[in-house]
Structure formats: structure tokens, C-alpha cells
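Q: Residue numbers (this note's numbering), protein chains in the order written: chain A, 1 to 310; chain B, 1001 to 1440.
If you're looking for bench data, these hints aren't it; they were derived computationally from the structure.
Each residue gets a CB set at the ideal place from its N, CA and C atoms; glycine is no exception.
One should not assume that every hint holds.
As the list claims (entries may be wrong) - Just a sample of chain B residues kept apart from chain A, beta carbon distances all over 12 Å, derived: (1) Asn1142; (2) Trp1257; (3) Ala1265; (4) Lys1351.
What the hints assert, rightly or not - Label-pair ranges, simulated between beta-carbon atoms: (5) Asp1366(B) x Trp142(A): 39 to 49 Å; (6) Gly66(A) x Arg1286(B): 32 to 42 Å; (7) Trp106(A) x Asn1048(B): 56 to 66 Å; (8) Gly1225(B) x Val68(A): 16 to 26 Å; (9) Trp91(A) x Lys1240(B): 28 to 38 Å; (10) Glu1123(B) x Gly163(A): 53 to 63 Å.
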Amino acid sequence: MATIAIAVDDRQKRPRPRTRVLEDERWLAFALLLPTAVLLGLFIAYPFVKGVLLSLSADRVGVSGGFVGLANFDKIWNDSIFRTAVWNTFWYTGVTTVFKLFLGLWLALLLNRHFKGKAYIRAAILLPFIIPTVLSTFAWKWMFDPTFSVINWALFKLGLITGRINWLGDPDLAMTSIIIVNIWRGVPFFAISLLAGLQTISPELQEAAAIDGAKPWKRFWYVTWPLLLPVTMVVVLFSVIQTFADFQLVYVMTGGGPANATHLFATYAYQIGIGTGLLSEGAAISLAMFPFLLLIVIVQLLYIRRVETR
Amino acid sequence: MRVTRRKFLRATGAGTALAKTGGMAAILASGQAPAYAQTQQVHWLKWNDFVPASDVLLRKEMLPAAEKELGMKINLETVNGNDLQPRVTAAIQAGAGPDLIMAFNNQTYLYADSVVDMTELAEDLSSKEGGLYKYARSICSNGKMFMGMPWAVIGAMIAYRKSWLDEVGATTFPDTWEAYRDVGKKLKAKGHPLGQTLGHTFGDAPTFTYPYLWSWGGKEVEADGKTVVINSKETIESVKFMAGFWKDAYDEGGLAWDDTNNNRAFLSQTIAATLNGASIYIESLRKPDQYITEKGTQMNKDIQHAPLPKGPAGQFGFHLLQSHMLMKYSKNQAAAKQLLKWIHTTSNYEKWFISQKGFATPCTADWEKHKVWNEDPVMTPYKVAGRLGQAPGFAGPPNAKAAEALSKYIITDMYAKAVQGTPAEEAVKWAEGELKKVFI
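This is chain A alone, in the form it adopts within the complex (with noise of 0.2 Å):
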């Protein structure tokens, strides 16, 4: 009788097989980061290899067209709107970071200062972030009207044109639109960011190189830009994979157009692998993006480390 109250006893004390499994470092750790696993796993991983095998077959809406190997990189290769689009990508990611850098970090450093309804401010200057994209490039898109663009309006009445600017029917002007609506909705993005790391730097450091007698570009250049690099450096990061892969701006204001002038990676391989339902052909041009893109990222990278690490 006794035995066995005392085996009761030891197996009341001992944990359950499971939580044992658990006390294992490896195991727990396996446990804690298989949910997020199996959501990447879902959403990026399955969808990545899927496109990757679509983009070396035949595939076309509905029809199976079997394994083509580098055939569709290869019709895309010699393509000249996927040409055009490639250095559209470029030229658009790269001219509105450099804008959105500098209008930011201009808007930061102001916002940082003491005045009167400045939290109103802050909050106000995030609205270009927060309305959708689709409806306010909607907006844009009427400003923008070759027939009723109220800019065109604006500057006809203050005497600065006299005819209309084709702003969406000429390839460059378009080209500047879809690129100052980019730089408007992400400038808040920079400004806020920045902010918050400005924010971060002790303000005595700033009265100690006052006190030294450093003027306020020196303080900037030599205090602030250093410690405010590591945030400005993943803000760009951030800006420049979500540029690069643009998609909604450019669909709405011109669809690519005029005459594909506008086209970027996203909106090309929308056309050809939705609109005309050749999803192979689609597939290749958006991943021909990832290479591009991954160089981007781990050239930033690698700096960032270097920034940090100094």
C-alpha cells in the first residue's frame, strides 16, 4: 500500500511528458517560433518557390504549359518595355529616396523644435501616409487631368503657362508626376522616422558642442547626422524595397502608360501575367526584380553593420 502512495506521489511531482519536452532549450525554442514559421513558410515561401516555378514554364491562364527552363527570362531579356521598365524602377526608386531623404529629414529636424501646437502638427504632416494610396493617387490623378488639371489652372491664373501641361500624356512628365506623388505620400514616412531617432540623441551633447562654439551646420554634421545614420540608414532601407516594388501608384495615375513610358517591374508583370493571362511570362519579370533587389538590400546592410559596428 505504501508503495504505491509513494509512486502516486512521484507522479504527481514529475512533470507531464510534454512540458518535459519542453525544458529542452532547443525544443522550446523550436515551439516558440514554429507558428511564425509556418506563416512565413504560408505566405512567403510557398508563394516564392511557386513563382519561381511558374516563371520557368509554359503557364498560361488555365493552361498547363509544361517546364521551359530560362526561356521566359530569356523573351523578357529582349524585351524593350521590360528594358524601360527596368531603368524606370531604377530611376524612380532612386530619385524619390534621394527627395524623400532630404524633404524628411528637413521636416524632422523642424518638427523637432518647441513651438505652439506642435503635437497637431506631427500628426497632420502623417496624413499623406495614412489615406490609402489608391484614393489618394486618385486625387493626384485628377490634379494631374490633361484636360481639367486644377495645376494647370493654378498656373495658368498666376500667369505662369499659357498653354496646358500634358502631365500624364507626356512620357517624362509622367514620369516626374508618378514620382513627386511618390515623394508626397513618403516624405511623412522619412519625417516620422527620423524623429523618433532625433529624439533619441541627448540634447546635452548638443549644448556641450554649442558651448565649444560649433555653429548649428556643425552641431548637425558633426553631432546629429552621425548618430541619426544608423535609423536614416533602415528608414532607406525600408523605402527603397517598398519603391522598388511599387505597384498601386503607378497602376492608378497612368497604367504604365503613355505607351508603356512608366512601366515599373510590379505594374509590368501585372499586365503580362493578369491583364493577358501569360502568368509564366509575369512571373519572370516580377522575379527578375529579386536579384536587383537583393543586392540593394544586403549592399545597405552590410553598410548598416558597418555604421553600427564603427
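Once you have looked at the hints, place chain B on chain A.
A: Showing chain B alone in chain A's frame:
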């Protein structure tokens, strides 16, 4: 009244065979869900009609009547015409989506493997209504099957301001491209240019550029559907003429227009003439006091319609043809066919046709005799749109390759490039390269 758990179980069990005999307890004991007579549901996806009154008629009157008569639920979804093709692609790849989807032009060929044969319904309609037009037949049938049920032809004619053309000496509408350019030049000088989109649109851009190309003697391919012959003397001539024509006579903002811009520009008195369905005129009739000319008269009294002018090779028209595809993945194919049969019944279809006021021309010959065409002479040119249309892919068949070329906007972009300053020979060579990728 307090509802106890017991009362609730009894109430929810009512109406089913099992519940009648033993309520929820019997259902649970049986171990399977009760079998209900399911109401069939048909999901129909079509474009947002340019005559909004027709969509209202469908939603408020016709489909409720169909639901009652056929004992089914009908879910009508309308989207922008440009969004139909992406929706088809997504639905086919997912194997789920709307049961009936509207297709434009020869898009039907792109999805031939994913749709149900509609031969029986189409031939039945053809035999009852004086025969399907050859144009509709060539677009909806590949000779083996009807990939779509022909619905209507949206005629593309030039809507123009009669008084403004009179003012520049054109008392009758110019019948050649040269004469039209001449008139357009004078109109532009007076601040009323011609209007035309050369953008990526499903309607106004290709229905202009294709017939324009054909009228000069240009074509994408030979009759074999394989030999690309776009790079011809005739095409180059047409492109050269277009580049000058655009500068001389057109509103240069048209490069960025979609299918609605020309409607707005015309109704706001910015342009004097534009290729369009009859939606401009119908809108001006709908709101006669809103659309007023500079002289204070109703604009609808000053609008006339004319076909595209002739070129050296003749006069052509490409009119947007709409059909409905019954998707293979649909689990409601029988119900969807019933709905199509119901809506194509002459008395039902007539209600919809009248609401269109001539904007849509039916695909069968008997409708040419309908009184709608005699009520308003301004609409008369649209009567024969279905009879006169020519399909993209000419001189070859309007097959999947022709549909791919159309979906890629190659012909429209060829002209748009030239208008933007690319030399005509270069623009045509570019189009030749693109077409070869498609057709060969």
C-alpha cells in the same frame, strides 16, 4: 418572451425531416447534417454599364423577376471594364469565382480551355432571332464551340458637335481621313480640337486604332494568322499621317485618357468630336438642362454620329463585342445557363435593349427592325454596328494570339509612340517585333 434552450432547439429543428420526427436530438443522433433543398445561386460579373440606367434596371426589376421565376439567387457584380480581365485570370487560377463573366472582344479565345461550350444556347438564339452576325460568331466561336454567349455590340461612332463643324465649313461629316484632318485643324485653331485616347483602354483606343490601320491597308498578319505583315508601306504611311494629324487636330492630352475622359471633355465643350459609344449623347439626353451649349441651347440637339472616315483601303469599324463566359469551375452551370436563357428571351432582353437606347446593338439580325432605331435618327448609325464590325487579328482569325496582341495594346502603342515623336519606321518596326513574339 423568454426563449429557453429547449424551445430554441425545437424551433431550429422545425422544417427538416429529422426535426419533424425528433428535433435536434434526432439530428445529433443521426450523426449527419440535415439535407435542405439548397437555393441555387448564380454570381454574374459584368462591366459597369456606360448607361447606368441599364444596371439599375437589371438590379431592381429584371433580376428580382428572374429570381422569382427561376427560383434562384442572382448576385450581380459590376466592375470597371478594364478590371474584367484580371478578375478572369484570378478566378480561373483559383478555380473559384463568378459563374458568368463578361468578356470583351476576342478575349474569349484566351480562356477557351476554362469555359463551358455555349453552342446550344447560342445556336438556339441565332435560329430564333434572324441569325447571329458573322462578327459575333467569329468572336464567340472557334468553330468547335461557343466560348461565350454573345450579349451585345457597343457600336463605336464619332460623336460630333454639328454647329462647330458647320462653323468651319463642314456641313456634312468628312468622309476621308484627309478631309477629317483638315476640318480638325480648323476646329483646333478655334479652340475645339478633336479628342481621342491612345492609352491602354479596352474600348475607345483599339476601336479607333485598328480600323484606322485597316483603312490604310495595314494589317497585323496574313490570312494564315502566322505571317506578321505589319511592317508595310501602308502601315508606315498610316503612322506618319497619324503623327501629323495628332499635332494638327487632336487634343494632345489624349495620350493619357481612359475610356471616360473623352466623355467628360466632350460634355464640358472642350472637344468637338470623338470616337465613342453613344454614351455621350445618351448622357446629354438624360440631363438636358445640365449640358448646355455656349449659345444656351441643349447640347443633345447639337450632337450627331458618323462612322470613322475612309482611308485608301476603305472604311472599317471595330465595335466592342460583349459576351458571357460560363466558367468550367462553376458549380452552378445549369442555373447559370437557365439565367442566360431567361435573359435572352426576346421579351426580357427587349427591356434591357430599350434601356440602352441604342448604346448596345444586339448580336442578331432581327433587332435591326426594332422601333428603337426609328425613334431617334441620331442613333440610326449604330443600328448596323454588329453587321459591319471587323475583328482584331485581321486578316487572320480573331484567335488567342490576336487577343494577346490586343491585350498588349501593340497597335495602339505603335501610334502612341509615333505621336510622342518616335519616327514612323521605328514605331512600326517595334510593333513588328512585338507581334512576331505573339504570332510566331
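Q: If a hint holds in the structure, say so; if it does not, say that too.
A: Outcome of the hint check:
no. : hint                               : verdict
1   : Asn1142                            : 14 Å, holds
2   : Trp1257                            : 7 Å, violated
3   : Ala1265                            : 5 Å, violated
4   : Lys1351                            : 34 Å, holds
5   : Asp1366(B) x Trp142(A): 39 to 49 Å : 44 Å, holds
6   : Gly66(A) x Arg1286(B): 32 to 42 Å  : 53 Å, violated
7   : Trp106(A) x Asn1048(B): 56 to 66 Å : 44 Å, violated
8   : Gly1225(B) x Val68(A): 16 to 26 Å  : 23 Å, holds
9   : Trp91(A) x Lys1240(B): 28 to 38 Å  : 31 Å, holds
10  : Glu1123(B) x Gly163(A): 53 to 63 Å : 56 Å, holds
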